[in-house]
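A.B. asks: Chain by chain, the residues run as shown.
There are 2 protein chains.
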Amino acid sequence: MIPFNKPYLTGKETEYIERAVKTGKISGNGIFTQKCHAFFQERYGFNKCLLTTSCTDALEMAAILLDIQPGDEVIMPSYTFVSTANAFVLRGAEIVFCDSRKDHPGIDEDKIEELITPNTKAIVPVHYAGVACDMDKIMEIANRYNLFVVEDVAHAIDSYYTGKDGKKRALGSIGNLAAFSFHETKNIISGEGGMLVINAPQFENRAEIIWEKGTNRSAFWRGEVNKYEWVDIGSSFLPSEITAAFLFAQLENLEDIQRKRRKIWHQYYDNLKVWAERTETKLPYIPEYATNNAHIFYLVCKTIEQRTELISKLKENDIHAVFHYISLHKSPFYQNKHNHSRELTEADRYSDCLMRLPMYYELSDVDLKNICKIITG
Amino acid sequence: MIPFNKPYLTGKETEYIERAVKTGKISGNGIFTQKCHAFFQERYGFNKCLLTTSCTDALEMAAILLDIQPGDEVIMPSYTFVSTANAFVLRGAEIVFCDSRKDHPGIDEDKIEELITPNTKAIVPVHYAGVACDMDKIMEIANRYNLFVVEDVAHAIDSYYTGKDGKKRALGSIGNLAAFSFHETKNIISGEGGMLVINAPQFENRAEIIWEKGTNRSAFWRGEVNKYEWVDIGSSFLPSEITAAFLFAQLENLEDIQRKRRKIWHQYYDNLKVWAERTETKLPYIPEYATNNAHIFYLVCKTIEQRTELISKLKENDIHAVFHYISLHKSPFYQNKHNHSRELTEADRYSDCLMRLPMYYELSDVDLKNICKIITG
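Taken in order, these protein sequences are the chains called W and D. For the working numbering, add 104 to where a residue sits in the first sequence, where the first one is 1. For the working numbering, add 104 to where a residue sits in the second sequence, where the first one is 1.
Hints in this document: simulated from the structure, not taken from any laboratory. One or more hints might be untrue.
[Said to hold, decoys possible] Only pairs whose alpha carbons sit at most 30 Å apart, straight line, appear in this in silico BS3-like list of lysine-lysine:
{"#": "1", "chain 1": "D", "residue 1": "Lys477", "chain 2": "D", "residue 2": "Lys419"}
{"#": "2", "chain 1": "W", "residue 1": "Lys331", "chain 2": "D", "residue 2": "Lys434"}
{"#": "3", "chain 1": "D", "residue 1": "Lys331", "chain 2": "W", "residue 2": "Lys406"}
{"#": "4", "chain 1": "D", "residue 1": "Lys417", "chain 2": "D", "residue 2": "Lys364"}
{"#": "5", "chain 1": "W", "residue 1": "Lys331", "chain 2": "D", "residue 2": "Lys139"}
{"#": "6", "chain 1": "D", "residue 1": "Lys139", "chain 2": "D", "residue 2": "Lys367"}
{"#": "7", "chain 1": "W", "residue 1": "Lys417", "chain 2": "D", "residue 2": "Lys126"}
{"#": "8", "chain 1": "D", "residue 1": "Lys367", "chain 2": "D", "residue 2": "Lys377"}
{"#": "9", "chain 1": "D", "residue 1": "Lys126", "chain 2": "W", "residue 2": "Lys477"}
{"#": "10", "chain 1": "D", "residue 1": "Lys417", "chain 2": "D", "residue 2": "Lys377"}
Using the sequences and the hints, build the whole thing.
C.D. replies: Shown next as structure tokens:
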């Protein structure tokens with residue numbers, strides 16, 4: 105059986121977990137958490153990082169930091185994971201779903217402005233498959249209307265955007281805030297896990313407080329106050345040192361993991377190119393301003409029937425390929441809240457027609473060729 | 105140096121983590137999560153269990169399940185951790201803080217009824233130090249006024265309450281819901297971690313949905329629906345299999361851990377009894393209806409000055425003893441929301457006078473005797 109995903113151990117994870125236990129501290133915000141923060145800050149130029157128990161939780165921190173109130177509107181793609189929306193709904197926001205691009209499942213940057221109202225508070229672009237949204241366009245709109253931007257970088261570790269100014273910036277470093285995921289299906293994993301990036305300095309202090317259950321515990325550890333107290337709302341957003349130790353072992357091997365994944369991605373691309381053209385199936389599109397972090401290798405079929413058939417054919421050969429999101433504006437939870445005079449045809453098309461192929465570090469050449477042979481055969 | 109706490113490895117934790125990785129699934133709700141759920145359900149008679157990333161998150165799940173709305177009132181002790189309150193504040197609740205008992209830091213059961221108004225929705229008793237609140241009294245009030253009861257069992261693993269009917273019930277099995285903690289300072293640990301117990305069957309289905317980010321993913325895995333969708337609010341409350349594997353190794357050693365902690369607790373008690381009587385310092389009180397799970401060994405000094413002096417004396421001898429909660433009704437966040445005509449003198453007294461002694465599996469006889477000698481000397 106070829107699974108859709110297989111978590112990869114770099115070999116140091118359990119050693120680091122044992123080391124964390126030996127330090128006498130395995131609750132959150134210990135040595136390995138600090139190491140992970142430093143890694144991201146140094147490598148990608150993020151202003152301040154805080155590990156979280158999930159990307160969902162990082163998005164929830166963002167919603168609290170932006171002080172989302174009932175009636176505030178947040179614009180995001182409909183073709184995304186439920187947590188992108190739920191995090192803001194939990195604070196009372198109304199979600200205004202935007203369609204996807206024709207050439208890519210990411211938010212259609214040209215359709216954002218028409219959705220802005222006086223109640224709009226934030227835009228949440230999702231860099232689908234780690235491929236950058238056109239951040240120049242999004243930041244320009246946000247600045248003009250005085251909106252916050254929260255990058256959903258769940259897929260987008262180690263990926264970049266090159267703006268009109270020619271500068272290459274890491275995804276997650278551009279918006280006011282950004283939320284990463286280290287869920288087991290991601291490139292770098294800790295089973296469940298995430299991270300909030302705080303690029304806007306005005307959120308730094310409050311972020312630490314919200315992270316530590318609404319207390320000033322971080323200031324207490326630094327000796328800035330002599331007891332720690334309840335000062336704000338918050339939650340237990342920080343993961344254990346067990347999780348952080350596991351994650352750090354992964355981060356140390358980031359280059360190797362990325363090299364391997366990119367190789368697999370390109371093998372898929374090369375093997376499927378001719379077949380895709382012939383069958384009018386779309387392979388992933390990477391705009392010039394974006395890089396490829398090889399998070400997902402997806403196909404966009406012509407019809408849902410074609411996708412169902414292809415997934416079945418692979419399944420018959422013990423290969424597990426899967427579809428992805430179901431448009432949130434048509435979900436049982438949100439369908440009565442969305443204005444359906446606004447059809448989101450591209451989002452619906454990706455819901456129906458997009459499928460993902462097995463993608464993991466240990467996927468062998470033989471298995472990959474076999475997958476491609478079954479698809480094209 | 106004798107620390108206040110030292111996390112204990114039973115020896116199987118990293119082996120189980122590696123085993124989880126080998127199953128191909130380290131995100132939440134895998135084999136080890138199921139093993140942990142089964143352990144608790146079988147051993148303590150809990151109806152349904154769901155591991156969470158923290159006790160805070162379990163309390164947040166409880167607040168969502170009770171459908172707490174702005175203006176709803178929740179009664180809880182002021183002498184507790186911020187999360188007991190924050191979880192309900194995040195949903196818009198007003199917290200009505202109750203005083204502690206004279207003989208124990210737990211909620212004064214006889215002062216609850218006078219705090220009930222038409223807006224009261226729930227009572228949240230905290231079994232401080234693992235010592236049961238008088239649950240007959242609390243459940244009788246809750247039933248009479250049609251209120252929910254959420255047990256905060258953060259301290260209370262493996263502890264029991266014997267009611268007037270003579271039945272001995274595990275703490276966490278009595279209220280409609282209950283929230284456990286596996287934070288590194290607890291008896292059974294996973295660094296950060298927690299668990300929601302759902303005793304009231306009406307919450308079972310929705311609890312699973314909220315736990316899985318507001319989706320019907322659990323039903324999907326069981327084959328009850330053919331795709332999983334966004335059906336409710338929710339969050340990523342479930343911990344990774346890394347965390348669950350670590351926790352399960354601890355649970356397998358629960359009896360050994362409890363035996364050792366109880367031994368330490370009783371050594372403290374026996375060594376300090378005469379000194380405590382002489383100095384009018386109070387040692388922990390265990391009512392007849394409660395058991396002792398040896399979670400905390402605390403002293404209640406006569407004055408804050410006496411406590412400061414004792415903590416300093418221990419610190420000079422490289423022994424780390426600590427005070428505990430600061431009354432939440434006097435916290436920076438809540439002091440303007442509490443009605444201060446209602447003084448909570450006992451909660452304030454525990455804030456000022458309670459201290460905790462080092463308490464962990466590997467605390468040696470020699471160290472323990474040394475601690476007691478310094479206190480009494």
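A.B. asks: Run through the hints listed earlier and report the numbers of any the structure violates, in increasing order.
C.D. replies: 5
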